[in-house]
Amino acid sequence: MRGQEHCGVVLRWGVMTDTGRRRALNEDHFVASAPVFAVADGMGGQDAGDLASAAAVAALGALGGLTAVSQADVEDVLGRAHAAVRRIETQPGREAGTTVTGAVVVPGPIGPQWLVVNVGDSRTYLQAQGRLERLTVDHSEVQEMVDAGVITRAQARTHPRRHVITRALGAPAAPRADFWWLPVEADDRLLVCSDGLTSELDDVEIADILRAEADPQAAARALVAAALAAGGRDNITAVVVDALEVAGAVDDCDDDTRPRPAGAVSGGGR
1 MRGQEHCGVV
11 LRWGVMTDTG
21 RRRALNEDHF
31 VASAPVFAVA
41 DGMGGQDAGD
51 LASAAAVAAL
61 GALGGLTAVS
71 QADVEDVLGR
81 AHAAVRRIET
91 QPGREAGTTV
101 TGAVVVPGPI
111 GPQWLVVNVG
121 DSRTYLQAQG
131 RLERLTVDHS
141 EVQEMVDAGV
151 ITRAQARTHP
161 RRHVITRALG
171 APAAPRADFW
181 WLPVEADDRL
191 LVCSDGLTSE
201 LDDVEIADIL
211 RAEADPQAAA
221 RALVAAALAA
231 GGRDNITAVV
241 VDALEVAGAV
251 DDCDDDTRPR
261 PAGAVSGGGR
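Letter 18 of the sequence shown, counting from 1, is numbered 18 in UniProt numbering, and no numbers are missing.
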């Protein structure tokens with residue numbers, strides 16, 4: 001696709017999602033439409049996880065209609081999504097829930113910013129100046145063990161409790177989202193993905209693929225293909241976003257937005 005300008009940033013992106021080799025239903029959903037790029041990974045059995053993750057990305061996608069987005073705006077829509085997920089009917093003894101992570105391009109006093117958000121164990125990464133950095137921190141039992149020095153990151157990838165998350169939209173207690181603000185710089189590459197990718201590929205493998213594929217759609221496709229080749233034991237979604245050019249500060253993020261030729265992209269699920 002051609003680049004699209006928003007908030008003084010020319011963006012180009014690509015998306016790939018796959019049910020994987022062992023699941024009957026894809027409970028991942030995503031939104032990829034400037035200025036919002038996010039992935040949600042649902043859970044709850046039958047259609048509950050699909051509905052939960054769809055509610056999360058729909059809430060974040062609605063931010064695209066605002067002239068400028070604040071952290072309070074994101075917190076507000078996540079609160080609404082949490083309430084919507086709580087209303088989903090499930091099987092006895094089950095609860096619907098979903099992770100959600102991603103970034104919104106927002107104006108800043110000295111230039112555009114990535115406003116990164118996370119709840120759960122889906123991840124957002126930043127590749128800048130040839131180096132891949134994991135921006136988000138997993139809300140999971142194994143991450144807590146890594147932080148406490150009980151196990152290593154390598155051990156966490158195969159630990160029997162690796163899929164137990166400690167925060168999710170739809171949980172009995174409303175989750176607290178984590179936020180990060182980073183300046184958008186030319187040649188930044190953002191990766192937003194579900195744990196179906198990171199359970200199969202380590203950060204070194206992910207970085208190698210992102211460096212090898214210049215086109216964001218090709219990069220997203222290669223990441224998912226590699227995760228499938230490594231086992232594909234879960235749903236897999238990758239959103240890759242490139243910042244091609246960055247201008248200075250802008251006062252309004254509405255008038256400088258140019259529509260994508262093929263329209264907005266959102267999806268997942270079936």
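No lab work stands behind these hints: they were computed from the structure. Bear in mind the structure is a predicted one, so any value in this text is a computation, not a measurement. Do not take every clue at face value.
[Claimed, not checked] Derived Cβ-Cβ restraints for the label pairs, each shown as a range:
#1 T152 - T67: 40 to 48 Å
#2 E89 - W180: 29 to 37 Å
#3 E5 - G45: 23 to 31 Å
#4 T158 - D215: 30 to 38 Å
#5 G45 - V150: 49 to 57 Å
#6 A174 - G93: 17 to 25 Å
#7 D203 - L25: 21 to 29 Å
#8 S70 - E245: 30 to 38 Å
For every residue, glycine included, the Cβ atom is placed at its ideal position computed from N, Cα and C.
Subject >> Satisfaction of the hinted span 49 to 57 Å by the C-beta atoms belonging to G45 and V150 >> reply: 30 Å, violated
**OP:** Note whether the CB distance of D203 and L25 lies within 21 to 29 Å or breaks it.
**Re:** 28 Å, holds
**OP:** Look at the Cβ atoms of T152 and T67 and judge whether their distance stays inside 40 to 48 Å.
**Re:** 45 Å, holds
**OP:** Starting from the hint 23 to 31 Å, judge whether the C-beta atoms of E5 and G45 obey it.
**Re:** Cβ of E5 to Cβ of G45: about 42 Å, so the range 23 to 31 Å is violated.
Subject >> W180 and E89 - C-beta distance against the hinted 29 to 37 Å >> reply: 35 Å, holds
Original post:
Do the beta carbons of A174 and G93 sit within 17 to 25 Å of each other?
Top reply: 21 Å, holds
**OP:** State, for the Cβ atoms of T158 and D215, whether the hinted interval 30 to 38 Å holds or is violated.
**Re:** 32 Å, holds
Original post:
Is the hinted range of 30 to 38 Å satisfied by the C-beta distance from S70 to E245?
Top reply: 24 Å, violated
Hint check: violations occur at hints 3, 5, 8; the rest are consistent with the structure.
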